[in-house]
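Asks: Between the sequences and the hints, there should be enough to build the whole structure, so can you do that?
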Amino acid sequence: MPFFSGRARPISRTASNGSHTATATATAPLSPQQQQQHPQQHPQRQYPLRNVCLSDNELLSRLHQCDAALALQTALADPLSSWDASHRTSCISLSATARRETFELSTRLKNDTKAQHLHTTPSPSSSPSSSTTSSSTSGVFEVLAVGCIACSAHELVGVLRPTSEPEFNTAMKAVYGRRFIYGSLVHDLERPTAHPPNVNGTHHVTVKTACFARPHVLLTRNEQWCFLDSFQPTTFAPVASEADLSKGFSILRLSLSPQDVATGKAVEGRVSHIANLSTLVVVDTVPAVSKDVSDGTSTKLRVVFYASTRTPSHASSSSSSSSSSSASAHHQSQHLSSASEKATRARAVAFAHGIARLPAVVRRRRLGVQVFASEALVNAVPDTSLHSNTRCVACTKGLRLSAIVRRARRCHLCAYSVCRTCWSREPIETSSGHVVMLGVCTRCLEWVDRCDYSNVRDGSRGVLRIVDDSEFEGPPAAPSRPLLGHSFENDLAAEATKEAAVTVIKMLLGRHKAEDGPVALTRGANEGPVQDEKREYMSAVEAYFRRRTTDAPRAEDCVLANAVERSYAVHPADAQVGSPPAPIPANEVARLEWITRVRLMDYNEPLPELDIICSFLRREMGFFCVMVTIVGATHQLVLSCTMAELVHALLPREHTFCQHLMMGTAPFIVRHPEADIRFYNLNPVKFQGAKYYCGIPVVGPDGLVVGSICCVHTSTMDITRMQYDTLVRFGEIASRIIRTKAEAMQQTSWE
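Going by UniProt numbering, the sequence shown opens with residue 1, and the numbers climb by one from there.
In short, the hints are calculated from the structure, not lab data.
Some clues are possibly wrong.
[Stated by the list, open to error] Capping the alpha-carbon separation at 27 Å, the derived lysine-lysine pairs in DSSO-like fashion look like this:
1. 686 to 247
2. 342 to 110
3. 498 to 534
4. 741 to 498
5. 741 to 506
6. 173 to 342
7. 534 to 506
Remember, it's a predicted structure, so these values are computed and weren't measured experimentally.
Replies: As structure tokens, then:
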């Protein structure tokens with residue numbers, strides 16, 4: 001389907017706004033000779049080059065003239081008997097207590113010539129006084145769909161109000177399927193620099209177009225809808241703040257004439273334009289709706305969809321006889337290209353059916369947040385793999401006979417075998433909008449729907465990656481980004497931390513990062529005067545980080561453990577009990593033997609060098625909490641932490657992030673733990689509000705991962721290549737310090 005990428009010819013449009021008339025043109029002003037030959041074409045007002053031929057004030061005026069909320073209230077208040085047809089449309093349930101949900105869909109043809117409707121699109125031949133709301137002698141066709149979805153408001157906003165053209169096409173394709181061809185985000189209304197006190201600062205208005213494939217009817221065209229899209233949260237918010245969706249939101253769409261849109265349209269004559277169609281979607285929380293835990297806030301959302309379409313009144317056509325012959329011919333050509341009344345009504349019903357597909361779109365986006373098992377793990381032979389099971393993890397049905405006849409299936413999420421009844425192919429939407437089909441068991445789907453996705457945005461889905469330093473935005477609490485290393489200045493100035501800071505700096509500046517010899521944890525006696533020594537150390541640290549800006553690995557070369565796919569299975573567990581049990585690495589026995597031999601889990605003395613590392617990472621990178629831990633068989637020992645109350649505390653291993661870091665040897669990052677089936681029910685996530693985790697392995701002898709540097713934050717953030725390089729370097733330093741202490745403890749015990 002060819003689309004306009006720009007204007008191929010001059011476009012002029014006369015639009016009415018209240019009691020005055022405005023003419024918009026996209027071409028240069030007429031010359032004086034042309035103005036004398038065609039005085040009627042001289043524009044009264046000229047706009048700069050735009051994608052739409054109406055000013056922003058005129059577009060907002062049409063929204064203000066709309067009484068969609070009143071029409072919806074009337075439709076909801078009318079009894080069920082007033083509707084001509086009503087039926088239930090089934091949809092999947094995102095609730096943990098029900099398999100299916102339904103949307104109540106009703107239609108009617110309302111004959112009311114005195115009713116004012118929400119259509120404000122003027123016809124090209126109408127006068128200024130008749131271009132606002134008008135009544136229709138043939139009645140108003142209304143569509144109403146009402147249902148509930150167990151999800152967060154932000155999840156629905158991501159589907160119903162995409163912020164870019166690729167996201168708009170992906171969302172429309174997901175909701176309306178193959179019938180949707182392509183759409184364009186034509187114009188985004190600029191926000192005024194100063195809003196009136198009663199104007200919501202989060203009100204967002206755009207102009208869009210959408211093309212739909214023709215129905216299975218001969219001699220019909222594809223359909224195109226040019227419309228004005230208005231998004232507004234229910235709760236008032238200032239201009240500079242994020243939209244508050246706690247009480248819901250509404251999305252109003254009004255038809256625009258194709259002559260009002262200058263780009264993003266299909267070629268004239270190839271499509272029929274949908275006119276006189278307006279829709280309103282209202283999403284709110286209803287206390288009477290049964291509670292559920294699947295959206296993270298124990299609520300369900302009520303979704304109300306209302307559409308109204310009418311046949312234009314023929315009264316205005318009789319009054320247009322006094323207009324020019326060119327305007328009459330133009331009106332006739334546009335009338336021939338408009339979709340029929342039957343097609344417009346069918347499109348309104350199709351929009352209502354699309355609302356019932358919202359739960360399926362939300363589900364596939366939730367699955368896109370998860371990290372699936374690798375193909376090698378899923379395709380492993382059950383008899384030889386470590387995660388083989390002889391019974392279905394969902395219904396406990398025996399699988400031996402099913403394996404013989406090849407009826408057993410593998411879940412790509414937990415990597416366990418399930419019976420065919422408890423297995424289904426589910427669409428998974430990636431961050432780029434592509435959809436892949438993978439097999440998922442019913443147990444994993446229950447886990448997926450119990451996570452909290454209210455903080456997941458479109459840019460947060462997909463494969464986790466390290467960003468370049470130029471792309472860094474950082475967490476809200478992060479300081480401005482000078483060169484790393486300035487936090488050492490305070491540690492060198494304080495007498496209590498100076499010795500430990502000097503030790504860490506010396507190890508940081510060491511030439512051989514893998515150097516494993518004994519380290520003297522004291523500074524030399526002849527370091528020079530205090531101020532000169534401090535200045536010398538700080539100059540060396542600044543020079544080191546300046547060199548690392550060029551020597552650090554590229555962002556695409558930074559390795560993260562289990563970021564693209566997971567190399568281990570998620571052990572099945574009852575979702576009512578909690579998160580899945582901790583995975584066990586293959587070298588668990590050797591790892592625990594070394595920890596036990598050096599009595600590392602019994603260590604209870606201060607480690608000022610580790611305190612310096614934790615303090616440095618918290619201040620330089622903006623983390624909420626940083627700790628160095630050792631992971632034992634059942635508990636995790638905190639050797640150092642920026643929160644003093646956690647130092648030397650024993651935390652249950654099954655409620656830690658480090659249990660999953662043990663399954664790899666590279667840094668491990670979780671961007672949204674509350675939305676991940678592995679972490680959504682951990683104590684740090686449920687009670688401490690952890691929304692981000694970055695773990696750096698602490699390595700013992702022979703490459704055994706014995707602990708980690710845990711960096712936790714209360715909001716999601718990005719790690720740059722320089723930060724990644726610094727984290728890895730401090731992981732090596734912490735590993736060396738812990739090995740030195742462990743060897744010293746072992747020698748003391750022998751003596």
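Asks: It remains to establish, for every hint, whether it holds in the given structure.
Replies: Against the structure, the hints:
1. 686 to 247: holds (23 Å)
2. 342 to 110: holds (15 Å)
3. 498 to 534: holds (9 Å)
4. 741 to 498: Judged against 27 Å, a Cα distance of about 19 Å means the pair holds.
5. 741 to 506: Status holds; Cα separation ~17 Å.
6. 173 to 342: Cα-Cα ~23 Å, so holds.
7. 534 to 506: OK: residue 534 and residue 506 at ~13 Å, within 27 Å.
No hint from the list above goes unmet by this structure.
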